[in-house]
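Participant: Chains H and R supply the protein sequences, listed in that same order.
Here the first sequence stands for residues 6 to 106, where the numbers follow my numbering.
Here the second sequence stands for residues 331 to 707, where the numbers follow my numbering.
In case anyone wonders, no lab produced these hints; they're calculated from the structure.
Treat the hints loosely; a few may be bogus.
[Claimed, not checked] Chain R side only, calculated, beta carbon under 10 Å to chain H, not exhaustive:
1) T452
2) A454
3) A468
4) G469
5) F475
6) Y483
7) T487
8) P531
[Claimed, not checked] Using 30 Å as the maximum straight-line C-alpha spacing, the simulated DSSO-like pairs for lysine-lysine come out as follows:
9) R:K643 to R:K553
10) R:K553 to H:K21
11) R:K466 to H:K22
Note that the Cβ used here is the ideal one computed from N, Cα and C, for glycine as well.
Listed here are the chains, written in short residue letters.
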Amino acid sequence: MQIQQCAQCGFSSIIKKYRCPQCSGRQFEERKISSKGIVHSYTVIHIAPAEFAHLAPYTVALIQLDDVNLKLTARMASETAIGDAAELVRIEDGAFIYEKC
Amino acid sequence: MTNVYIEGIGMTKFGKFAEKSMKQLLLEASIEALEDAGNPKVDAVFVGNFMGGSLSNQEILGAIAANELGLGRVSAAKVEGACASGGIALRQGIMGILSGEFDTVLVAGVEKMKHASTADVTQAINAAMDTDSNEKHAGLTFPGFFGVLANRYFYETEATKEHLAMIALKNREHAMRNPLAQFQKPASIEEIMEARIITSPLGLFDCSPTTDGAAAVVITRKKTAVHIRSSAQSSGPTQMQEADDLLSLPAVQESGRLAYERAGAAPEDIDVVEIHDCFTMTEMLAIEELGFFKKREGWLAVAQGRTKAGGDKPVNTSGGLLSRGHPIGATGIAQIYHLVRQLRGNAPNQVEGARLALAQNLGGTGSYSAVHILERV
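Start from the sequences, fold in the hints, and give me the full structure.
Facilitator: Shown next as structure tokens:
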């Protein structure tokens, strides 16, 4: 998967920043990294907003990525627990869908 | 320190008021505050409100208040800062007086939510997250954010769901003695623990309700019995994935630090506290971030009853957002209303001899935090 990296100072983020919070740089470059990570925490959402109601209950997890010191919010395709290893299975409507691996 | 004082307070009962419009609630609380202040000349109006546009198709609340209250051609505005709208509106009023522009300001907060469906309210509340992000597309909700925090807190400490239930029970017990609170029915630890799950591990009692209600205060540079000793506000991450430490709310920590510094006070000096308990987990983290207890040890203080009305650091003696109710834009002002009563010595769950009081109002998933420290003079 791709992450964003400041061309000037190397600051990394999941989505492109308009201005680097570290050096104010405006040039960001894509960097390819492994999607693998560890489940840092999660919740099973039972009461969802109208647009996600058809998915409920569903699990949203915060993944600590292995390759870079970044966390990523993803929807889990399977049940999960803190400490599980997980990886990206697909990107769906702008959402990263992860699964235990 | 500021040169701003509180002259009058007003608040509607919180709950469900199908027959009352948002305007009516706003004006009822405002008139009570103006009368409590002795109907002074007002130079400006700030109204804290979050969902007037999305749920009631009603904006221009500042001008509506100025006109309906007969205040003349004064400066007026609505202030939006999600759930911190009220606290930020108060701060705008304080800064207007500090700048020398105004002498007396009416600050109100209002929200009308009960007429909308849960799905519509959940959707509208999601406006308090960064909706142009993978996080929103993943389906993360506002309560979901605090569910993720709670599971991590349980993982890193020995706290359990029961400690969150103790917070919910405490705030319910406080609300039972507050006639203006939304929930006055007793609850038990078992009932709270077994309630239906909203977003694991948080159940119904861990989440603040939807509420109709309003609150208002009149602030002035004229000396009164309640001094606003300090006012501070900070911003924090707007996305969960950008938190360095998931178990911290940096905006709360920083706004607290600034408020203590400006007031010349420390956490141990504070006699009574109103904290933004939108979820039980939020109160747990905020009592740590505001320096009342060590990081990752708030749960021990909760278990020991230290945050109860009779404890050494009473938190949310009004019942908090969880049981007093959470009409979003009104919450930050309702906190001030209750603390002024504590300092006047006539509050429900009165803390004997309370002299210094702290209010902390949170917006978004830790995106905004406003802290005010009040003093009885």
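Participant: Kindly indicate which numbered hints from before are broken by the structure, ordering the numbers from low to high.
Facilitator: 7 and 10
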